[in-house]
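**Student:** Chains as they are written, first to last, in my numbering: chain W, 68 to 230; chain E, 6 to 282.
Derived by calculation from the structure, the hints in this document are not laboratory data. Keep in mind that a hint or two might mislead.
[Claimed, not checked] Stretches of chain E that chain W covers, calculated by requiring three or more beta carbons in the stretch to come under 8 Å of a beta carbon on chain W: (1) 123–132; (2) 136–147; (3) 235–243; (4) 252–264.
[Stated by the list, open to error] Dumping the calculated DSS-like pairs for lysine-lysine here, alpha-carbon to alpha-carbon at most 27 Å: (5) Lys211/E / Lys243/E; (6) Lys198/W / Lys174/E; (7) Lys91/W / Lys174/E; (8) Lys83/E / Lys91/W.
As the structure is a prediction and not an experimental result, all values here were calculated from the model. Positions of the beta carbon are idealized from the N, C-alpha and C atoms, including for glycine.
Listed below are the residues making up each chain.
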Amino acid sequence: MLRHFLKISVTTIFAIVLFSVLTKISHEFSLVLNVFNLLVLYFALEEGEIYGAVMGSAGGLIQDSFSIGVFGIAGISKTIMGFLAGYISRRINVVPLVRRAVFIFVMLLSEVFLWMFLYSFVISEEFYTAKGWLFLQPVCTTVLAFIVFPLFKKLAKVLPQHG
Amino acid sequence: MPSFLKKKKNLVVLFCLIFFQLILLSIQTPLGSESTLFEKTVFSIFSPIQNGVSSIIRGIGNLWKGYFSLRGVHKENKDIKEEVFFLRLENRLIRGLLDRSNKEAELKEILENIRESIVYTRVIEIDLTNKYKSVVINRGLFDGIEKDMIVLDKLGQLVGRVIGPIGPKEARVQLITDSESGTSVHNQKDILGVVNGNDEGMCILKYIEGTESGVDIGDILITSGFDHIYPPGIPVGKIVMLETTDELFKSILVQPFFKLRSLDQLAVIKINPNEIF
Numbered sequence: 068m069l070r071h072f073l074k075i076s077v078t079t080i081f082a083i084v085l086f087s088v089l090t091k092i093s094h095e096f097s098l099v100l101n102v103f104n105l106l107v108l109y110f111a112l113e114e115g116e117i118y119g120a121v122m123g124s125a126g127g128l129i130q131d132s133f134s135i136g137v138f139g140i141a142g143i144s145k146t147i148m149g150f151l152a153g154y155i156s157r158r159i160n161v162v163p164l165v166r167r168a169v170f171i172f173v174m175l176l177s178e179v180f181l182w183m184f185l186y187s188f189v190i191s192e193e194f195y196t197a198k199g200w201l202f203l204q205p206v207c208t209t210v211l212a213f214i215v216f217p218l219f220k221k222l223a224k225v226l227p228q229h230g
Numbered sequence: 006m007p008s009f010l011k012k013k014k015n016l017v018v019l020f021c022l023i024f025f026q027l028i029l030l031s032i033q034t035p036l037g038s039e040s041t042l043f044e045k046t047v048f049s050i051f052s053p054i055q056n057g058v059s060s061i062i063r064g065i066g067n068l069w070k071g072y073f074s075l076r077g078v079h080k081e082n083k084d085i086k087e088e089v090f091f092l093r094l095e096n097r098l099i100r101g102l103l104d105r106s107n108k109e110a111e112l113k114e115i116l117e118n119i120r121e122s123i124v125y126t127r128v129i130e131i132d133l134t135n136k137y138k139s140v141v142i143n144r145g146l147f148d149g150i151e152k153d154m155i156v157l158d159k160l161g162q163l164v165g166r167v168i169g170p171i172g173p174k175e176a177r178v179q180l181i182t183d184s185e186s187g188t189s190v191h192n193q194k195d196i197l198g199v200v201n202g203n204d205e206g207m208c209i210l211k212y213i214e215g216t217e218s219g220v221d222i223g224d225i226l227i228t229s230g231f232d233h234i235y236p237p238g239i240p241v242g243k244i245v246m247l248e249t250t251d252e253l254f255k256s257i258l259v260q261p262f263f264k265l266r267s268l269d270q271l272a273v274i275k276i277n278p279n280e281i282f
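Chain W extracted, bound-state conformation (with noise of 0.2 Å):
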């Protein structure tokens, strides 16, 4: 219970950092890769569709906290994304690297379409894409999937293996 709290809490403030550090090299870069959706796939992959939804609203309202917009609407798409992400590789094998990538790729897809739905049926108002910026998100956060998956590997590894 503790390991996976510690889990938890070290991947969460890592894909902080790296958000950070990415909105600190270009504000382009926050839009084209979002790291809170990479934490939700994450758990959502390796631990099941209850950690997928939890890490969902939990993703979803620090990606919130860092807008002016309605506080709420990522944290509901991330929930949905992330129980469906769950879900479904439970039932397909989603461990081969092709079909891996166009799963996370499609579910990152359904997550950016949900958003700006739940955007505009919430504010009524058009949504920012920066130049069409924004529909490069699945794309590239697919891409760096490949790169952050290994690195939370990696911390899960780092922490004590009992508790």
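Given the structure of chain W, go ahead and fit chain E onto it with the hints provided.
**Tutor:** Coordinates of chain E only, in the frame set by chain W:
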């Protein structure tokens, strides 16, 4: 727990989480622009991490510069820049005062406090959803920052105002380029209007009637003070496009003076503007 709930435990968790967030969303509606306690808490917990990362990156950058360039010159340059920063802002505020005050003793008393009212700050984060909406600064409750304090750039031009949430060492600033922001302004001919952001880095000057002839391209807009948020006399932007259509009001595009790319140094004015202007 009933057996059907046990069987569908995962779905129950999912619906509970979504329900919790729907409650969060509905709580915000009556609050308007106010942040919920939960949002303030999340902001206060996670923004210090960003502040820390920002400080480390800046520190590494400074170390690099300091080590490889002439250290003495670099330090001197930094000191002068800081001095110029304060002098410009003081000058801006003093000019505003001189225009409005004629009591020498009163003026002297205010001038003594004016420097203490300027809080030097840096941007640690730009809004994730839209960079033209808000920024987070590395000053907060511990530095005496409060809601609605005005924020200027290093040239004394209007950037925005402090809104919630305000953490111990961080605060969110709404930029004038945010579509939710509204600033009462006037031009050189005292024609009044309201400037709203367009979420794309520009502003729109509203409520100028189609028949109004006192507004033209190139006009400088300054705050009028009628919104009771921004004090009068602060430069806001310049009219870059003007169209008269069939509609009641003109369509006017304003280029704000502040540049998002050069928001490295900002000033929060702590003193209540209505007290000094």
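**Student:** So, for every hint listed, does it hold in this structure?
**Tutor:** Now for the hints, and whether the structure bears them out:
no. : hint                : result
1   : 123–132             : holds (count 3)
2   : 136–147             : holds (count 5)
3   : 235–243             : violated (count 0)
4   : 252–264             : violated (count 0)
5   : Lys211/E / Lys243/E : holds, 14 Å
6   : Lys198/W / Lys174/E : violated, 33 Å
7   : Lys91/W / Lys174/E  : holds, 19 Å
8   : Lys83/E / Lys91/W   : holds, 21 Å
When held up to the earlier numbered hints, the structure conflicts with 3, 4 and 6 and fits the remainder.
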